[in-house]
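Undergrad: Here are the chains, one letter per residue:
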Amino acid sequence: MTSTWRLVVVLGSICFAASLALSSVYDLTKEPIAYQKKLEMIRSLEAVLPGMTVDPDSGYLDMQREDGAPVRVFRSISDGEVKGAAFEVVAPDGFSGNIYIMMGVQANGELGGIVILSHAETPGLGSPIEKEEWKGQLKGRSLENSDLRVKKDGGDIDQMTGATISPRAVVGAVKKGLEWFDKNKDQILTDEEKTS
Amino acid sequence: MSTYGKEFTKAFFKENPVLVMALGLCPALAVSTSAVNGIAMGLATTFVLVCASTVVSSLRSIIPSKVRIPSFIIVIASFVTVVDLVMNAYAHSVHKTLGLFIPLIVVNCIILGRAEAFASRNPIPKSIVDAVGMGLAFTMTLGLLGGIREILGSGAIFGYPILGSKYAAMLIMILPPGAFIALGVMLATFNVMQRD
Chain A
1250 MTSTWRLVVV
1260 LGSICFAASL
1270 ALSSVYDLTK
1280 EPIAYQKKLE
1290 MIRSLEAVLP
1300 GMTVDPDSGY
1310 LDMQREDGAP
1320 VRVFRSISDG
1330 EVKGAAFEVV
1340 APDGFSGNIY
1350 IMMGVQANGE
1360 LGGIVILSHA
1370 ETPGLGSPIE
1380 KEEWKGQLKG
1390 RSLENSDLRV
1400 KKDGGDIDQM
1410 TGATISPRAV
1420 VGAVKKGLEW
1430 FDKNKDQILT
1440 DEEKTS
Chain B
189 MSTYGKEFTK
199 AFFKENPVLV
209 MALGLCPALA
219 VSTSAVNGIA
229 MGLATTFVLV
239 CASTVVSSLR
249 SIIPSKVRIP
259 SFIIVIASFV
269 TVVDLVMNAY
279 AHSVHKTLGL
289 FIPLIVVNCI
299 ILGRAEAFAS
309 RNPIPKSIVD
319 AVGMGLAFTM
329 TLGLLGGIRE
339 ILGSGAIFGY
349 PILGSKYAAM
359 LIMILPPGAF
369 IALGVMLATF
379 NVMQRD
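Same order as they appear, the protein sequences are chains A and B.
So our numbering is basically just the index in the first sequence, starting at one, shifted up by 1249.
So our numbering is basically just the index in the second sequence, starting at one, shifted up by 188.
So that you can see chain B by itself, here it is in the shape it has in the complex (with noise of 0.2 Å):
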């Protein structure tokens, strides 16, 4: 395999920033509620991950190493402001229901750890690999997160009900306790795949 392709499979499987490095996991707990929400939060992150990552990538050689965390969240809360003001704009309601938690994205370590551990010492195209990579696969395990929180708390999967109306809802899976049992059943299993 080309190193670009281990750059960006490298997230959904050894390097999956949530199942194996544990990074992300307050939006991942708090907006999983619906698999809606799950991808729509994955793919603003990959957004900031991707543009946040060109630039730092970019601006490698010329940021000293003393401001380079100060000068990589300035970059970050700047795309992550751009984000917020177009989502307002033209998708208001997913807006609405994200609401607080895409301010939030600025200290969602994946993004800083992606920019110091990768995109700070590597060439630009290939820094846009692992962040699309990343991101990507950051928005897979929200949106798998999300749709087996949906389907067993409120039966239904995008909003749309498949259990049928006899299906008594598990309510604890849409409400907090629910998104730290999905998320341990998740990283069980995944563990449990990687071993073989």
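So here's chain A without its partners, still in its complex pose (with noise of 0.2 Å):
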């Protein structure tokens, strides 16, 4: 029966002395990583809306994807009009999993750019969707001066060498993005009330 106990103690302070270190470390870890997590999208709000300013935490809007999803709408404000704004699109039908795009509009329904936040291509196929050799051929186009598509389904976009899917699976999304941002046009960019 001790010897039991003495299981129970041992095991049960090793765990006790875990926890307490473990709380400690998340303590001192937590602003840190909320600081680079801000930076991180500081740095691809200013990639898909170059010579913009915004700020992440002012001037959004929460609204809904198509599909009903939630999703939050980062505008540049500059003398109380709004440039341009940035929202996340999802790509469902990449090779292998979701991709998450980043991508700016500007005021006049031109792509300022994407950014790839996250993805599970295969690498050196299909993740070149990441380089700008590849998205910088998305800057500047909108649904009235190009056909979003990619060459190979009779659209205006370069996919590239080997791979087919990623970038149809992101040109897709982005297309639908931009026909979203059209459609809700009037609310993103007039819609003042909800600044702080």
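For the record, the hints were derived by calculation from the structure and aren't laboratory data.
Treat the hints with care, as some may be off.
The calculated lysine-lysine pairs, modelled on DSS-like cross-linking and capped at a C-alpha distance of 30 Å, are [claimed, not checked]:
no. : chain 1 : residue 1 : chain 2 : residue 2
1   : A       : Lys1424   : A       : Lys1388
2   : A       : Lys1380   : A       : Lys1434
3   : B       : Lys354    : A       : Lys1400
4   : B       : Lys198    : A       : Lys1287
5   : A       : Lys1432   : A       : Lys1287
6   : A       : Lys1380   : B       : Lys198
7   : B       : Lys194    : B       : Lys314
8   : A       : Lys1332   : A       : Lys1279
9   : A       : Lys1286   : A       : Lys1380
10  : A       : Lys1287   : A       : Lys1425
11  : A       : Lys1286   : B       : Lys284
12  : A       : Lys1388   : A       : Lys1279
13  : A       : Lys1424   : B       : Lys284
14  : B       : Lys354    : B       : Lys198
15  : A       : Lys1388   : A       : Lys1434
16  : A       : Lys1332   : A       : Lys1401
17  : A       : Lys1401   : A       : Lys1425
18  : B       : Lys284    : A       : Lys1279
19  : B       : Lys284    : A       : Lys1388
20  : A       : Lys1388   : A       : Lys1401
21  : A       : Lys1332   : A       : Lys1380
22  : A       : Lys1424   : A       : Lys1287
23  : A       : Lys1425   : A       : Lys1332
24  : A       : Lys1400   : A       : Lys1432
25  : A       : Lys1332   : A       : Lys1286
26  : A       : Lys1424   : A       : Lys1434
27  : A       : Lys1332   : A       : Lys1287
28  : A       : Lys1400   : A       : Lys1286
29  : A       : Lys1401   : B       : Lys354
30  : A       : Lys1380   : B       : Lys354
31  : A       : Lys1388   : A       : Lys1286
32  : A       : Lys1388   : B       : Lys198
33  : B       : Lys284    : A       : Lys1425
Join the two chains, each given in its own frame, into one complex according to the hints.
TA: Okay, here's the thing in structure tokens:
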């Protein structure tokens, strides 16, 4: 009996010490992690809305995507005017898993750029969607001035050697994003009340 | 050679964790897509290994043998969580690439193996030397494997292109099969070298 108690006490105290240590490390790293996440957010917002300043903590709108999923629209506001908006879209039809994309749209409906937030495409084949050489061609495109499909499907966007599925998924999601933006343009570009 | 020297160097040749004992193959194969990833993974593992070995060795007379495995796992898991949080806070981009494989250090057989086979039977200084040796040998092997795969698969080392733009990269070396091929060749070479 006493030996059983010894097992319980030893294992219990090890668990107790471990949880104490973990909670203090969590406390210490909580702020740096939040700060890094914010930096990352600012970096991707600046990349998709080049030349504009976006504060991720103010001026955003919480809206709904077509499928009802919530989406936060970050906006660049200067002189009381919305110059551009950035929001996340999801491409569900990539080669493996969802591709999460941050896209920026200027007030005139042209794409400012995209950033691939996360993906699980094949390294080397599909993963170049992250590279500027490919995604750079999306800059300045809009629903009016381009056919937003890959060339293989008759559109204007280059796919890349050896991979059509990943670019097709990204372009498809971006196109849907632009259409969604177009439909909600009035709200996104004028709704000033929710700015803080 | 002194005992400590022997405990330290055995990990690089006679008892190399990856190349001789074939332990820790999951991270070795999965994250060795580039030299930087391999080394970062190796260093994270080394840190956990050293901390866990120290604690296990200092508690070796207190922990009853019936609950030693759960105790070791709690100690290891706590240090892995610490590494996970600290990396997320201060080495955010590396943390993003290694992602899932940091939590998986918990189940890396090298760590539990050293705790069980060495640290729980030897005094603290000797256990630390053993852990540092094993960790650095693991780091070296992963860095080497990552370097080979990076050079062949993308013509670069540490992200700097060295083979020129005309080099047609062997994409397969970055993909999972390339990991097996490179590791197989390394194992064979190492075995031939050991024989002499």
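Undergrad: Now look at each hint and say whether the structure bears it out.
TA: These are the hints, each one checked on the structure:
| no. | hint | in the structure |
| --- | --- | --- |
| 1 | A/Lys1424 with A/Lys1388 | 13 Å, holds |
| 2 | A/Lys1380 with A/Lys1434 | 29 Å, holds |
| 3 | B/Lys354 with A/Lys1400 | 26 Å, holds |
| 4 | B/Lys198 with A/Lys1287 | 45 Å, violated |
| 5 | A/Lys1432 with A/Lys1287 | 29 Å, holds |
| 6 | A/Lys1380 with B/Lys198 | 43 Å, violated |
| 7 | B/Lys194 with B/Lys314 | 10 Å, holds |
| 8 | A/Lys1332 with A/Lys1279 | 33 Å, violated |
| 9 | A/Lys1286 with A/Lys1380 | 21 Å, holds |
| 10 | A/Lys1287 with A/Lys1425 | 26 Å, holds |
| 11 | A/Lys1286 with B/Lys284 | 11 Å, holds |
| 12 | A/Lys1388 with A/Lys1279 | 36 Å, violated |
| 13 | A/Lys1424 with B/Lys284 | 28 Å, holds |
| 14 | B/Lys354 with B/Lys198 | 42 Å, violated |
| 15 | A/Lys1388 with A/Lys1434 | 19 Å, holds |
| 16 | A/Lys1332 with A/Lys1401 | 34 Å, violated |
| 17 | A/Lys1401 with A/Lys1425 | 19 Å, holds |
| 18 | B/Lys284 with A/Lys1279 | 17 Å, holds |
| 19 | B/Lys284 with A/Lys1388 | 26 Å, holds |
| 20 | A/Lys1388 with A/Lys1401 | 20 Å, holds |
| 21 | A/Lys1332 with A/Lys1380 | 26 Å, holds |
| 22 | A/Lys1424 with A/Lys1287 | 27 Å, holds |
| 23 | A/Lys1425 with A/Lys1332 | 21 Å, holds |
| 24 | A/Lys1400 with A/Lys1432 | 26 Å, holds |
| 25 | A/Lys1332 with A/Lys1286 | 24 Å, holds |
| 26 | A/Lys1424 with A/Lys1434 | 15 Å, holds |
| 27 | A/Lys1332 with A/Lys1287 | 21 Å, holds |
| 28 | A/Lys1400 with A/Lys1286 | 36 Å, violated |
| 29 | A/Lys1401 with B/Lys354 | 27 Å, holds |
| 30 | A/Lys1380 with B/Lys354 | 19 Å, holds |
| 31 | A/Lys1388 with A/Lys1286 | 25 Å, holds |
| 32 | A/Lys1388 with B/Lys198 | 56 Å, violated |
| 33 | B/Lys284 with A/Lys1425 | 28 Å, holds |
In the structure shown, a violation is registered for the earlier hints numbered 4, 6, 8, 12, 14, 16, 28, 32, in ascending order.
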